[in-house]
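Under the numbering used here, the sequence shown has 751 at position 117, and the numbering climbs by one with no breaks.
None of these hints come from the bench; they were simulated from the model.
A few of these clues could be false.
As the list claims (entries may be wrong) - Okay, derived cross-link-like pairs now, DSS-like style, lysine-lysine, Cα gap no bigger than 27 Å in a straight line:
no.	residue 1	residue 2
1	Lys854	Lys981
2	Lys854	Lys906
3	Lys933	Lys854
4	Lys875	Lys841
5	Lys841	Lys861
6	Lys861	Lys911
Said to hold, decoys possible - So the derived label-pair ranges between C-beta atoms look like this:
no.	residue 1	residue 2	range
7	Leu857	Thr754	39 to 49 Å
8	Glu763	Ser838	44 to 54 Å
9	Pro822	Gln759	11 to 21 Å
Given the structure is predicted, the values throughout are model-derived calculations rather than measurements.
Beta carbons: idealized from backbone N, C-alpha and C, even for Gly.
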Amino acid sequence: ADIVRDIKLSNYRSKARTRSRSQSACGDFTSMRTEDFDSASAIAIPGGFRRSFLETKFSLEREIKPCIFTAACLFDTALPEITQDRQEDFTKGNIIGIGGGVGPAAGVALHSKIIENTVTDGTDQSHFEVYHLSRSNDLPDRTRFVLGLSEQNPADGLARTMNALSAACSSFGQCAVAGVPCNTFHAPPIWQSFVEQVKVTCGSHVKVVHMLEETMEYIKAMLPGVKRIGVMSTTGTRQSKVYDQLFQDYGYDCLYVPEDRQADLHDTIYNKEWGIKAIFPVTKQARQNFLGFAHYLVKQGAEAIILGCTEIPLALPESMFPGTMVVMVDPVMALARALIREADSSKLKPLVMDEPPESDDEVMSEFSDKAWPSSPGRHHECKEEWLDERALEEGWETFIEGRCTEGPRRTSDLHLSLIHI
């Protein structure tokens, strides 16, 4: 209650305007202003605040007529509107905001990576101020909207979240740089609406970072020789072609799993019994599925794989695909580093690439036919060609058509030589 109270009233002595309003939990009141105030100084008075507190926050000389029937207020609509004359530029060194709840585990992962990549002096106080707002109930499913199965644009709910972030930052006289850890949310129909709303409601107080563009820059900087990139994503992200457009702009070739396996990939994300959004920690079945999908992309010549749903890294925490030099690119890592860079570049740790992992028999043993759903009508007719444990153990043989006709041992050196042919 104290936080909500301060967000509503702190630093707004001269900022309150006639359009400030409140909505009661008991009813929808178009205005909660008292009639005795003139229009220039009228303010909303949420119920439950002591008169002494209001007199402290505002230099009130007239009698306050408290509003009745106001048990609780929704702070995102109770805030006075900030005057437009405050147009200071974004200042580095301020707050980092996380538009969470898309899903909740992805926001936690982003927060964790921000901490991991921040330079500190070893004290709590040297970390960034991070406002993690996870409001899942106000964020409809992104894929359903992109596929035309829902008319509720998730941009609206997350714009309200950014409005709350803006109010919280303004109460401390600061600005924020914010990101959304969801690939599908960056589909143009959602992202463009979101950015427009944030500009209108937050002005210069909140700067948003585009996670997918930062992922492209991350690959460009860290993997300059890569040309063929695989993507594992939700069906919504794939059909929006948001990665296809970015790949074209950056000169990359985009690889996906076969279309008749995309439904299985999507189900591994959303399945309510064992999918990565539903169960934490990740189930064995979900991990096996993602290993299989990644294995297919590797065999198609992918030199890097984007884990294009922000929960997939929970199932595939390896930095490289086992036994290869194929880098597993985590967009959440790219976003975390971009947020730190925009907030204060001097606090961004240098990025060190991990050494390529050796082939791990225990990890490789996770590949099996059981790893793939056997849903009727969704079975890939060439599955045996690319999900073959013998090929993993004995050699690559024809795993990249036209590149390798022999069957040498599968090693990192071999893969490194193949991708540069």
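Hints, one by one, checked against the model:
| no. | hint | verdict |
| --- | --- | --- |
| 1 | Lys854 <-> Lys981 | holds (22 Å) |
| 2 | Lys854 <-> Lys906 | violated (36 Å) |
| 3 | Lys933 <-> Lys854 | holds (22 Å) |
| 4 | Lys875 <-> Lys841 | holds (25 Å) |
| 5 | Lys841 <-> Lys861 | violated (31 Å) |
| 6 | Lys861 <-> Lys911 | violated (31 Å) |
| 7 | Leu857 <-> Thr754: 39 to 49 Å | violated (28 Å) |
| 8 | Glu763 <-> Ser838: 44 to 54 Å | violated (18 Å) |
| 9 | Pro822 <-> Gln759: 11 to 21 Å | violated (40 Å) |
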